[in-house]
Amino acid sequence: MKIIGGSEVKPPHSKPFMAFLKGNKICGGTLIKPNWVLTAAHCEMDNTTKVTLGAHSLVKKEKEQQSFSVKKSIPHPCFDRQTRENDLMLLQLTGSAKLNKNVNLLPLPKKGEDTKVGTKCEVAGWGITKNKGTPSDKLMHVTVTILDRKICSDKKHYNFNPVITNNMLCAGDQKKDSCNGDSGGPLLCKGILRGITSFGGKICGDLKKPGIYTRLTDSYISWIKKTIGGDF
Numbered sequence: 001m002k003i004i005g006g007s008e009v010k011p012p013h014s015k016p017f018m019a020f021l022k023g024n025k026i027c028g029g030t031l032i033k034p035n036w037v038l039t040a041a042h043c044e045m046d047n048t049t050k051v052t053l054g055a056h057s058l059v060k061k062e063k064e065q066q067s068f069s070v071k072k073s074i075p076h077p078c079f080d081r082q083t084r085e086n087d088l089m090l091l092q093l094t095g096s097a098k099l100n101k102n103v104n105l106l107p108l109p110k111k112g113e114d115t116k117v118g119t120k121c122e123v124a125g126w127g128i129t130k131n132k133g134t135p136s137d138k139l140m141h142v143t144v145t146i147l148d149r150k151i152c153s154d155k156k157h158y159n160f161n162p163v164i165t166n167n168m169l170c171a172g173d174q175k176k177d178s179c180n181g182d183s184g185g186p187l188l189c190k191g192i193l194r195g196i197t198s199f200g201g202k203i204c205g206d207l208k209k210p211g212i213y214t215r216l217t218d219s220y221i222s223w224i225k226k227t228i229g230g231d232f
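In terms of the UniProt record's numbering, the sequence shown has 2 at position 2, counting the first letter as 1, and numbering is strictly consecutive.
There's no promise every hint is true.
Unchecked claim - Simulated crosslink set (DMTMM-like; lysine to aspartate or glutamate; CA at most 20 Å straight-line):
(1) LYS150 <-> GLU113
(2) LYS175 <-> ASP148
(3) LYS61 <-> GLU8
(4) LYS72 <-> ASP46
(5) LYS15 <-> ASP114
(6) LYS120 <-> ASP148
(7) LYS60 <-> ASP137
(8) LYS101 <-> GLU62
(9) LYS150 <-> ASP114
(10) LYS190 <-> GLU113
(11) LYS25 <-> GLU44
(12) LYS71 <-> GLU44
(13) LYS225 <-> GLU113
(14) LYS72 <-> GLU44
(15) LYS63 <-> ASP137
(16) LYS15 <-> GLU62
(17) LYS98 <-> GLU62
(18) LYS175 <-> GLU8
(19) LYS71 <-> ASP46
(20) LYS71 <-> GLU85
(21) LYS22 <-> GLU64
(22) LYS60 <-> GLU8
(23) LYS10 <-> GLU122
If you're looking for bench data, these hints aren't it; they were derived computationally from the structure.
All chains, please: the whole structure from these sequences, using the hints.
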């Protein structure tokens, strides 16, 4: 998905945890360990995927960029394409990133607490910036507001297709949204990683179908730690 109604991230490289994934699809991701990226399962990345860290522009050759291939992709074992439940995936990189001010980790939250309705959160990515547009050449971001998931599920919104569950966050504002190409990127609330961009309506920025994000619950956090192993 991509950023609608947002602005370019300034200064460039100020979100050093952002990963650009180019495979069968274009997606975003979050660097959570020097050799692990967290993204969405529906992005379907494999060992042909190129992962770029430290990017701002996708067109210019930037000295800050570090590129890797994917050694292993591990979608959540319970990912369901129909219900969109459990839409998260771990990518193990072929090497470890050299951490610096332009490439750095975003820690997992200590607890997977729910985010209150009305909270302002931020989403970032290189997705399209207008409906039917092309992907953005620069990293963009936008502020969205957490909405009541029961309202997001109702007949005036997603009409229970799918049901917006407690494992998801629903967020948007009029003409502000994530869109195609932003999938897999982070949803930050008060600077903390709270979600992963998952899906939205056919028309981005439509308040009838706000953006839906996989919520980083305690159970997902523990699956991530168990899958990666080592100290967190």
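Earlier hints that do not hold, by number | Violated hints (numbers, rising): 5 and 20; every other hint is consistent with the structure.
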